[in-house]
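Chemist: Those protein sequence lines, which keep their order, are chains F and E.
For what it's worth, the working numbering labels the leading residue of the first sequence as 217, then goes sequentially.
For what it's worth, the working numbering labels the leading residue of the second sequence as 358, then goes sequentially.
These are calculated hints, taken from the structure and not from any lab test.
Where hints are given, some of them may not hold.
Far from chain E by the CB rule (all over 12 angstroms, computed), these chain F residues [stated by the list, open to error]:
hint, residue
1, S265
2, S272
3, K404
4, G423
5, K426
6, R437
7, H446
Each computed SDA-like pair below joins lysine to any residue, with the alpha-carbon atoms no more than 25 angstroms apart [claimed, not checked]:
hint, chain 1, residue 1, chain 2, residue 2
8, E, K471, F, H506
9, F, K512, E, K645
10, E, K774, F, K477
11, F, K477, E, H664
12, F, K468, F, I323
13, E, K645, E, V659
14, E, K555, F, I515
The C-beta atom is built at its ideal place from N, Cα and C for all residues, glycine as well.
Letter by letter, the chains look like this.
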Amino acid sequence: MKKLLNRRTFLKGSLAGSAAAVSVGRSQKAMAKDFEGYPESMGVLVDLSRCVGCRSCEAACNEEQNLPAPEKPFNDFSVFDEMHHGQKRRTDETRYTVVNRYDVPEIDHPLFRKIQCNHCQEPACLTSCFVNAYTKTPEGAVIYDASVCVGCRTCMVACPFYIPAFRYSSAFNPRIMKCIFCYDTRLKNGQPPACVEACPQEALTFGHRKELIRIGHQRIRENKDQYVDHIYGEHEAGGTAWMYLSPVDFEKVGFDTSVPKEPILNFVKDFLAIVPMVLTIWPALFAGIHLLATRKDGIKKQQQTEGETEK
Amino acid sequence: MKKMAQTSQEIPIVDHNRNDGTLWLIKEKILLGLSPEEYKTMLKRNPVNWFLFVLLGVGIPLIIIRYLFGLDTVTHSSNDYPWGLFLGFGLFGMVPLSASGFLLGTTVEIFGRKDFVPIERLALLNGLLGYFFAVVYLEVDLGMPWRLPYPMFVSLGPAAVLFLVAWHVATYLSVQIAEILPAYFEWIGWLKGKRFIKSITIGLTIAGIILSTLHQGALGALFTYAPTKVHPLWLSTNFIWIHFFCSAIFAGLSMVIVVSTLCKRFMTWRCDERFLNNIDDLTVKLGKGCSYAIITYLVIKVVGIAHDNEWAYLLTGWGNYFMLEIAVGVILPFFLFTIGVKNYLPNLVRLAAFISVLGIIWNRLNTALIGFNWQLYQEVPRWQEVWVTCTIFAIYFMVYRFILYRLPILYEWKGDK
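With these hints in hand, go ahead and build the complete structure from the sequences.
Modeler: This is the structure in structure tokens:
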């Protein structure tokens, strides 16, 4: 009887244990799958209809991040005509943010678009990095640790917005150069980044990402003929902290509208899923094939030795 | 060397002992049994060496400049094209051509096809050197080459595809060194080591299959991080790892055929009867394997297009270029392989192998460089970048030749085994 009781309690215990394990396991998995970003994550809403192309944000960023002085001063607007390989200016090792001008025929004045790191919710740079040099902070910034970076530049390949740049000019101290949302100096303390503070037109609105999405939709709703009904960055690449409102179709102002509406990582998962399968199935499969393929040799050998002993 | 081998009884060295019974010293083995003067004359007489001398004379200083003053001294240092020729050719091109090691290892050790033994070591060496020099190319390209072990020991990002590539290439390199060591042990005469490796061959080979499947695929999967940048015809996010893995099969086999052809033609003195008598047969057999792999590749390439419904792209300029690559790099060698195998025409198989090697390099360059950023502009590498790439390939060639001249790869060691 004592034995039975023991067995029964044991069974009960183990059942409860495994049930708990299953439910815990599932809830954790579900959380990872449905992760929608940090709840208190901050962002910036850029309103293209308000930007006048004064480049104050560029100057502020340059000063805040101690970047080298530019070739042309920040009040020189001839930079808007610069073209490299048929492309407008982009971020590089001397600038984390750049404003470009777009002449759109349906509007009588040019439009300006500021680019910088969009600080994705699920950043492609972060997921592609094999030394974990990138971190998405709860405040929303995607920051970079130069002390572990190997310089493989996969993050630059992975970024759908062409943002990270590499300090190619340095042989001994190269690193990735990219906007970090002024994390160290400002965002960490709840302050907006330098570019937002410098904007004289209130084209950049700093706030909680969720709140910004609400504001963006409100602006679209209240000024139907002024905006395209889309917030670029609400869903692009799985959602970004920096988002844009535009009075014209986004591709006309240089946005890549082919960027998928899901994290870049989703495209990699197909391959990642086969890794454990290969690791577990291959050894057994090929050892089995080996045994089958060499079976006849073994039999032959056995027969030979038997023949020899008979003689 | 050819002449010297003809005139002398003792050269090339195939045994520990000279004809008179005394032992060869290691130094003499390294000098191929020639006196230093003879060795120098041999080097000077070969026109290939003059060419290499010029190539390295410019290339080595370029590499030194790159390490002293930064990558931007030899490349365009493009932020739009982070990966140039060093990786496009050196990593993505060399690795599939080096699949030969695991393929022939599997054929001989796992499938028990002992008829491939005469060419097994050549395939293993081809694999080892290909991987090693892929890492050399990587070291030229990396921003901080001195941090190569970081992903292994310092800061781990295990969810990244490149993490898998790094670990697998590193472990697979060690596996390949172990696999080729028996040739070295025979040469120096340390048989204990050889016996130990022999006892773990099956394990090594199976490890080789796993690692190869995954990292050949992973190299393709690296591009799934750039679904908007690589032209859709070259990037099927669901299938690209199978495309890369499957094409590595015929690429690796073709590379062995190409190398063995070169050895047979230009290094006849170093090959023994066993190698020379079997090579035509083996070429045709390898060609058969190639034709199976290549037709599979062609089918899954088409499946990739069908799966993503990309037929419309075929009518564009990019589509024509894509079809050209498939026609010249895949379908043409497929037919040549098939005809060569059916009618037992080893030389046709060799031609097919040569074309498919070029076809694979072309495919990798198309994926990594030409079809990359297809909506932006075309990056054309600087001459320095091309020169450095060629220089490293030349060093690869020299190391390859150095080893083939000496170790029992193309011949059987006559001494104790």
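Chemist: Each hint needs a verdict: does it hold in this structure or not?
Modeler: Hints versus structure:
Separation of S265/F from chain E is adequate, the least Cβ-Cβ distance of about 26 angstroms exceeding the 12 angstroms criterion. For S272/F, the condition that its CB be more than 12 angstroms from all CB atoms of chain E holds, with the nearest at approximately 24 angstroms. Its beta-carbon lying about 22 angstroms from the closest one in chain E, K404/F satisfies the requirement of being farther than 12 angstroms from that chain. Distance check for G423/F against chain E: the nearest CB is about 29 angstroms away, which clears 12 angstroms, and the non-interface claim stands.
With a cut of 12 angstroms on Cβ distances, K426/F stays outside the contact zone with chain E, its closest approach being about 27 angstroms. At the 12 angstroms boundary, the C-beta of R437/F stays outside the reach of chain E, the nearest C-beta of that chain being 30 angstroms off. In this structure H446/F is separated from chain E by more than 12 angstroms, as the shortest Cβ-Cβ distance comes to about 18 angstroms. Of the pairs offered as hints, the one joining K471/E and H506/F holds, with about 13 angstroms between alpha carbons and a cut-off of 25 angstroms not exceeded.
Under the criterion of a C-alpha separation no larger than 25 angstroms, the hint pairing K512/F with K645/E is consistent with the structure, at around 24 angstroms. In summary, the hint linking K774/E to K477/F is not supported, as the alpha carbons are separated by about 62 angstroms, beyond the 25 angstroms threshold. Straight-line distance between C-alpha atoms of K477/F and H664/E comes to about 20 angstroms, which keeps the hinted pair within the 25 angstroms bound. Our distance criterion of 25 angstroms between C-alpha atoms is met by K468/F and I323/F, whose separation comes to about 11 angstroms.
Among the hinted pairs, K645/E with V659/E is consistent with the structure: their alpha-carbon atoms are about 22 angstroms apart, no more than 25 angstroms. In summary, the hint linking K555/E to I515/F is supported, as the alpha carbons are separated by about 21 angstroms, within the 25 angstroms threshold.
Checked against the numbered hints above, the structure breaks only hint 10 and satisfies the rest.
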